[in-house]
Amino acid sequence: MSEEVTAEILQTHILDLAAEGRRLDGRGPDDYRPVTIDPGFVTTADGSALVNLGQTKVLAGIKLEPGKPFPDTPNAGVLTTNAELIPLSSPTFEPGPPQPGAIEVSRVVDRAIRAAETIDLTKLCVTPGEKTWVCYVDVHVLGHDGNLIDASLLAAVSALSSATVPAKRFEVADADYPLEVLHRPIESTFVRLGDTIVVDPTFDEERAAQGRLTVATDESGRIVAMQKGLVGAFSPDDVKSVVRRAFVHGDRLRAQIRGGRR
Amino acid sequence: MSEEVTAEILQTHILDLAAEGRRLDGRGPDDYRPVTIDPGFVTTADGSALVNLGQTKVLAGIKLEPGKPFPDTPNAGVLTTNAELIPLSSPTFEPGPPQPGAIEVSRVVDRAIRAAETIDLTKLCVTPGEKTWVCYVDVHVLGHDGNLIDASLLAAVSALSSATVPAKRFEVADADYPLEVLHRPIESTFVRLGDTIVVDPTFDEERAAQGRLTVATDESGRIVAMQKGLVGAFSPDDVKSVVRRAFVHGDRLRAQIRGGRR
Amino acid sequence: MSEEVTAEILQTHILDLAAEGRRLDGRGPDDYRPVTIDPGFVTTADGSALVNLGQTKVLAGIKLEPGKPFPDTPNAGVLTTNAELIPLSSPTFEPGPPQPGAIEVSRVVDRAIRAAETIDLTKLCVTPGEKTWVCYVDVHVLGHDGNLIDASLLAAVSALSSATVPAKRFEVADADYPLEVLHRPIESTFVRLGDTIVVDPTFDEERAAQGRLTVATDESGRIVAMQKGLVGAFSPDDVKSVVRRAFVHGDRLRAQIRGGRR
Amino acid sequence: MGSVGAKEVPVLLNADGLRIDGRRLDELRPIQIRAGPLPQADGSAFVEWGQNKVMAAVYGPREVHPRHLQQSTKAVIQCRYNMAAFSVDERKRPGLDRRSQEISKVIAEAFESVVFAEEFPRTSIDVYIEVLQANAGTRCAGLVAASVALADAGIPMVDLLPAVAVGKIDNAIALDLKKEEDNFGQADLPMALVPQSGRLVLLQMEGHMTEPELAQALELGVGGCRVIHEKMKAALRERYSTAPLAAGAA
Amino acid sequence: MGSVGAKEVPVLLNADGLRIDGRRLDELRPIQIRAGPLPQADGSAFVEWGQNKVMAAVYGPREVHPRHLQQSTKAVIQCRYNMAAFSVDERKRPGLDRRSQEISKVIAEAFESVVFAEEFPRTSIDVYIEVLQANAGTRCAGLVAASVALADAGIPMVDLLPAVAVGKIDNAIALDLKKEEDNFGQADLPMALVPQSGRLVLLQMEGHMTEPELAQALELGVGGCRVIHEKMKAALRERYSTAPLAAGAA
Amino acid sequence: MGSVGAKEVPVLLNADGLRIDGRRLDELRPIQIRAGPLPQADGSAFVEWGQNKVMAAVYGPREVHPRHLQQSTKAVIQCRYNMAAFSVDERKRPGLDRRSQEISKVIAEAFESVVFAEEFPRTSIDVYIEVLQANAGTRCAGLVAASVALADAGIPMVDLLPAVAVGKIDNAIALDLKKEEDNFGQADLPMALVPQSGRLVLLQMEGHMTEPELAQALELGVGGCRVIHEKMKAALRERYSTAPLAAGAA
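Residue numbers (our numbering), protein chains in the order written: chain A, 1 to 262; chain B, 1 to 262; chain C, 1 to 262; chain D, 1 to 250; chain E, 1 to 250; chain F, 1 to 250.
Extracted from the complex, chain A is given alone in its bound form (with noise of 0.2 Å):
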């Protein structure tokens, strides 16, 4: 009860802050938190990446296992991705089966690697319609302070980006080799405060918003995902100008990306 209190009254202050151009941890409107990556943080995966970004801890893990394609896309590598917000990592968190929000990270963030073409499915079949690489990507979150989303997508493109496929091990060749990144996809978030639209929010800024949106872009200028998210709404306008930003972000982060640990 006196939580739901306390959380009204922070929800308030945030957006009158917010009306004013201001946030609460003191960033202007389009401020991103510092954001660490480590890569090859878990020798035990073949790729892997652990990112901060303010307060909120992500870690990736890739694992490469040989297996069968599915029968529509015989000529193609397998990629799954799966997000899982254990409750460790925030006092909101239940044990249990996934929940819708754990589901949405694991999809969007599936469908910006996969839109961008992060990884080259193709060569990592092996025997069309017999063989290929499955290519698990798992998304572990240890700290959740908002903002799961472009966290997520950056520990898994930065544990992709350091991967090994292990094909000696599994006898498919002679030796390992990396696995080939093709695109960089990077997603950036935003939340309506009031008339303010803010990007990277916190735990207490989404739980205030009126509205998130997420858009994910490549290096090539293009738009390869978006996700409206919470409860809210946004004009056309709205959109384009936070694809607008969207694109600045992703340009700074691929740059941080590319050169590992910040």
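Derived from the structure by calculation, the hints contain no laboratory data.
Even glycine gets a Cβ: it sits at the ideal position worked out from N, Cα and C.
Keep in mind that the hints are not guaranteed to be accurate.
Only some residues are given here: those of chain C computed to face chain F with a beta carbon under 8 Å [stated by the list, open to error]:
id, residue
1, L24
2, E104
3, S106
4, R111
5, A115
6, G221
7, I223
8, Q227
9, G229
10, V231
11, G232
Given the coordinates of chain A, work out where chains B, C, D, E and F should sit on it, guided by the hints.
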């Protein structure tokens, strides 16, 4: 609470009427509600039928896929019946795993289809022990105003009667061909209301009922399945009389299926 | 509520008795309840045994089926132990997915069977990497009056000792043959009641216990598994003394298994 | 029931009209009923019936779990019929399949038809049936075991519920099918009788029967139930004579 | 969206700028909306849209189930979007997959953005969408059906929610993709519009689009939504004229 | 433990009595403990131990969920030990398998043996352990991390709970097995110590040991726990010196 009280008053009223041989909707004890059958309603299915039984509305769809026969019946196809009592169809259904009621409908419909040899399962077999057609009968209840068993079997048999084996699509043969239906079982369901036993109960009559009895018949004068349900009891003489009445309804409805749409 | 109060009074009484070296059912601290073993109780199983340990009643059944070996142990058979604490056996068990208690019993029994090399898993292998016998040990608790671990392992080992490999039925060999049992591990479970540590606790003693310790031994004087459970603690000297006592009970019960029915 | 595509169909009735185990058409398999084998339960019974072995236990009236199933005017009767993994030739995966759930439902409805549930509002009477060894007719064996267990638990009922299956083999109506008869027979019709009223509270059928055959089957089954009823009463009498302090049944 | 490794890619736009079914780029498929087909529900609608067939029903405001989801200041809106096993070419296993759960979530959030939920604290408004036959655009068809069903149930809302998907095929922006266009196209962008404010409450995108293409897509989609809005209102008008006693919508 | 039917067994102890990573039999792997890495949690800790990486977080005392687990006289301690899919060589399917559930149970019971739970009736203390990278000994590493996290959360306890596994390799008793030693060794014996009382609150064993070997293993393990205890205290001291405003531990 008030809902419980209303329900109880309604049940008493239904029983009072039944004592005079009358029913809430004006039918006599042996009057079946009007039935319409709309075969081919769903074109993505290999066979389908939408059945309206009064305000009960059931859609059945057939899908055929190549698969493996069971080890103990290497020469037979596989038939799987599944009824979904989705929450859309009634204020009393909740989302979640299938409830005992849905499982009972599935199994009673399945038993009638199987025991009546509605389709010749051995004809579904492509290569003994290796490859066979798997025939899925999926029953989707869209509106529940009682007597789901009869409506579901009507829809399932009508859907099977309209089905095509997709042999070309799955590269099993050069052309698709109609699924051969050998028998057309019909189930007729009765409930006890005091000393009266009435056919084709509505949702409200089922709630007032002191026992339910379903009898499946085929065109050769055989009983192929029976199921007593709900709390209540029937004497052997009750059973014999119900069976007699079930044959009459069965023959009438069978004629309607053959004729297609009412 | 009244149930809780009764339980608490009973627990105090059990602890008071234990301080004098006495137990509710008149046993001394090192007295095991009478054990009866009824091998071959279930003829549909390939091996089985019904064990009564006081009023604890456990039925184990063995089933052997051809299957595939695990990729990392191509020359070994597969052994799977599953204990079901079905709600029939105790007022405290609820229907639903397996509870941690059932999982613990399964795993502790499984570890003892495996570590003691009860059966030679390599002998279950038919064709390395291709085909092996899968041995299912299913433990069904029918009556729970404490000490399920000991009773379950007794039942499992007795069932394995009575088992036949159904080689003819599955067309693997011309004739069935007995499953060879190399070792017979026995688990002895103790609980702390104040400063006293008693063997073979009843249901009520387990509820009063301040720690539980299970030790599995085999006939060659080896400890093959241990498991501390429940809330409570044991000193290293407690552990050594419990192990000593476990060997005595183990040897006595092993003799009984070999002798079959008590 | 007549497994389609199965390998071979044996002869089920010989020239003398005797069945594969030597029984006549109207003969039951041997039945042994023991009341009260499980002291933890409020009531229990163990039934050996031919090669079936079935244990039943009753708990309650007790608190309803899950809570939202509670009814303000009567006890709910919850039933769980379960088969042990090793109770059948082909190992069954543990847990309730659809068949078990359907059987649990019809058995619960049968008992709701005879238990005086309105005497225990807001409670649950939980009936657990475990099939340890199966050889056709397990739902009837389970019902008989559970009915004796309910009596052993002192739950007031209109009457005990004897049950038996009648079938059709080689075109003849036969009482109490065993496994081979069930697998290769033409019909199976399990039923449970309220002896006092002569009415059926469980009735299912699968296979092919004509109306005259059905009439014959009902008569044969009702007769079989009456025999089993006597055995149930005898088991309870023996229970009370050996355990005089147990709570009395209705 | 551009199935990687799939067999062959058809031509989606012919020399005359017409699509495989003869439509122009800015043309909708035929749409029929019927309000109130399910008398059991508090509100319902059936939509045929191209080769999609979608049924929606609304129950509520009613008690919240499960209880702990109840909110003290407003109604919760729960949505369940489900596809029938036979609604797609390859049979779908019954039950909610991850795609259905995501769609259920974004549709629920869209409706929460327009329903006056604070009028019904501690209740649930349950929206059920069943896709019976699918041919691309089912979430939009479902949203349209559910929106009409909510109005049919008399739930007060800011406005109806028309919805449509815009896509990109053979490098052109096209309204309302059908299955082959969706499978082999380059982008898919479903949206739902609040006609009154001109704002979007559902917006997703997958594929490749440039900023100018996006601007064009948004414009095309908003226009499409306005056409669909008229059809929704017409369906409700017809419902009231034929069923004068039904509760009125906002 | 001695994988039956596995391919080859390596030499685990060389002629100089040194192990495959050069350690002596009584030597621990390097351990680093950091308290408080997760600001969202009431308490947290990160442990790197050899090639294990384990994160733990504690929430509570807080409301019990699900409600029916609530106890009127004390807090319930719920533990969830989970392995990330990528934490092991062979990808693990996400979700709790039986091994994880057993470990969760014995760890919860270990903490219940030292936490003053009666100070917080009707609440839950939730302990979450996530294994991010595994290399044998993860339950001990998880216990150590969780114990520091409990202290970081200010939960009153009798004492911290250091833990370590002792094993048997090439017939010698060795402290703190790494993966290859665990896979090809002859026994594994994890334990958790209450340093104050010298008693064990977690103890498991699998493999083969004689009584003298067990005595030696217990002594070696208790010694190892005392070393780890110092590292745990140091980690908490560092945490308080760098974060003076955090709630104090017992």
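request  = Hints the structure violates: just list their numbers, smallest first.
outcome  = 1
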